[in-house]
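A.B. asks: The residues making up each chain are set out below.
There are 2 protein chains.
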Amino acid sequence: MSNQPKRHIKDVIYDEYLGRIQRGELTHEDRLVDTTVASEFNVSRMPVRDAFMRLAHEGYLASSTRGFTLPELTHRQILEIFELRRLLEPRAAALAAYALTDENLASLEHAVDLSESTIASGDIALLFNASEMIRRTWLSAVPNIELRDTILRYMAQIQAVRMATLHDTASQRTLVSLHRQMLTVFSSRKGVDVELLILRFVLAGEESYLRAHSTRAETAP
Amino acid sequence: MSNQPKRHIKDVIYDEYLGRIQRGELTHEDRLVDTTVASEFNVSRMPVRDAFMRLAHEGYLASSTRGFTLPELTHRQILEIFELRRLLEPRAAALAAYALTDENLASLEHAVDLSESTIASGDIALLFNASEMIRRTWLSAVPNIELRDTILRYMAQIQAVRMATLHDTASQRTLVSLHRQMLTVFSSRKGVDVELLILRFVLAGEESYLRAHSTRAETAP
DNA sequence: ACAGCATAAACAGTATACGAATTTAAGGTC
DNA sequence: GACCTTAAATTCGTATACTGTTTATGCTGT
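As they're listed, the protein sequences go chains G and S. Positions 71 to 291 (the working numbering) are the ones given, in order, by the first sequence. Positions 71 to 291 (the working numbering) are the ones given, in order, by the second sequence.
Don't read these hints as lab results, they were simulated from the structure. Careful, some of the hints might be misleading.
[Unchecked claim] Capping the alpha-carbon separation at 20 Å, the derived lysine to aspartate or glutamate pairs in EDC-like fashion look like this:
hint, chain 1, residue 1, chain 2, residue 2
1, S, Lys80, S, Glu142
2, S, Lys80, G, Glu128
3, G, Lys80, G, Asp104
4, S, Lys80, G, Asp219
5, S, Lys80, G, Glu86
6, G, Lys80, S, Glu128
7, G, Lys80, S, Glu179
8, G, Lys80, S, Asp120
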């Protein structure tokens with residue numbers, strides 16, 4: 071018997087494109103048009119429309135008069151989201167610290183090892199993946215579902231931003247170092263320590279972004 | 071010339087029902103069916119469907135196999151949202167304190183007067199309205215849009231909960247008193263004081279909820 | 001009576017079709 | 001050759017029709 075709880079097409083398409091967005095497989099040049107995607111999936115426009123409109127309302131896509139595109143985050147919006155992160159993530163991580171399973175800690179350790187390996191290789195994509203793996207791992211252990219979902223909602227939006235900051239060598243070093251420290255404090259399960267470290271983590275991310283942003287602003291045409 | 075930026079039917083219906091939900095005009099017995107609403111508006115199912123699905127994804131409605139209904143918030147979810155409120159609202163209010171206009175303060179004062187007048191009249195609906203007016207006023211001044219929208223997203227969901235807690239006389243007194251204090255600290259524009267008071271405000275709301283919840287649990291069948 | 005099964009009703013999901021709005025392209029004028 | 005006008009193409013919003021699934025209803029047999 072098929073154990074599938076009857077997945078609707080619109081949900082399949084929603085998940086598919088949410089994944090593509092979260093994995094950074096879309097560029098700002100991509101214009102997503104419902105009819106085109108519909109013919110790729112051999113379905114009608116409607117489920118595609120449903121999926122894209124949902125993604126747009128959740129902030130993952132921006133709807134324009136000519137198809138859906140990745141949203142253009144302004145400098146201001148990015149700073150605003152960093153403020154949200156400062157407020158939410160330290161507490162969320164502290165809660166997660168008490169709830170992490172041994173499996174969670176194991177995959178955290180694996181991801182941290184991966185992260186450190188990129189110091190030698192300089193593989194930015196791998197560092198980004200490891201970073202995402204670490205984040206997903208501890209986020210999955212956050213017992214407050216509403217809090218976790220709120221964090222997830224804005225994280226996907228600034229994915230591109232985080233990717234961009236990784237081109238700076240200093241930021242890479244800081245990130246890898248913080249990853250290792252995160253493994254330590256999560257393993258200790260001391261909420262207070264986790265809270266402080268995650269706050270430092272977010273602040274470091276903000277500094278990296280500001281550094282990258284000012285550099286880009288200088289060299290911009 | 072018509073200055074209307076061409077409002078789509080789906081947006082009209084969305085706004086209409088969001089308003090009804092936020093004003094508490096729907097009960098848990100109401101089942102919203104797209105075909106029914108469509109014939110009321112003399113439109114097809116599609117725009118109604120769009121609006122309801124959007125409301126559902128934002129948490130204002132729950133979609134079942136038999137129409138849309140108000141979502142049943144579990145005790146756990148409500149506590150989770152209170153945790154979010156503790157994390158976000160103090161800071162948001164502090165930011166708002168620096169940005170409040172004189173008009174904002176004037177309408178705040180008006181709403182606080184309204185709130186206090188309900189002590190004599192015992193008009194719970196009016197107290198609720200005044201409370202909402204106060205909230206909307208300071209929220210509208212929060213300069214961090216992302217933060218404000220995040221707060222708005224969950225507030226509508228627990229509207230019914232907040233309404234329910236107002237039937238307790240002690241909670242009413244506490245609320246009115248806190249309203250007056252809020253006017254004072256917002257007028258002083260001291261972010262630190264605002265931050266602390268709003269934290270106390272959220273905590274008081276949580277206590278009121280817990281009191282109402284335990285009472286209800288005792289008298290439940 | 002009541003459990004189990006068949007049938008009907010209600011509703012959401014999906015398909016197709018049409019119209020309106022807006023951008024892009026083309027052509028014509030000065 | 002620049003600018004305005006007009007036509008075409010593109011894409012969204014809405015309407016209508018159909019399909020499948022879930023819930024309710026009623027029937028049958030014990």
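A.B. asks: Run every hint past the structure and note whether it holds.
C.D. replies: Right, here's what the structure says about each hint:
{"no.": "1", "hint": "S:Lys80 <-> S:Glu142", "result": "violated, 25 Å"}
{"no.": "2", "hint": "S:Lys80 <-> G:Glu128", "result": "holds, 17 Å"}
{"no.": "3", "hint": "G:Lys80 <-> G:Asp104", "result": "holds, 12 Å"}
{"no.": "4", "hint": "S:Lys80 <-> G:Asp219", "result": "violated, 26 Å"}
{"no.": "5", "hint": "S:Lys80 <-> G:Glu86", "result": "violated, 26 Å"}
{"no.": "6", "hint": "G:Lys80 <-> S:Glu128", "result": "holds, 17 Å"}
{"no.": "7", "hint": "G:Lys80 <-> S:Glu179", "result": "violated, 48 Å"}
{"no.": "8", "hint": "G:Lys80 <-> S:Asp120", "result": "holds, 13 Å"}
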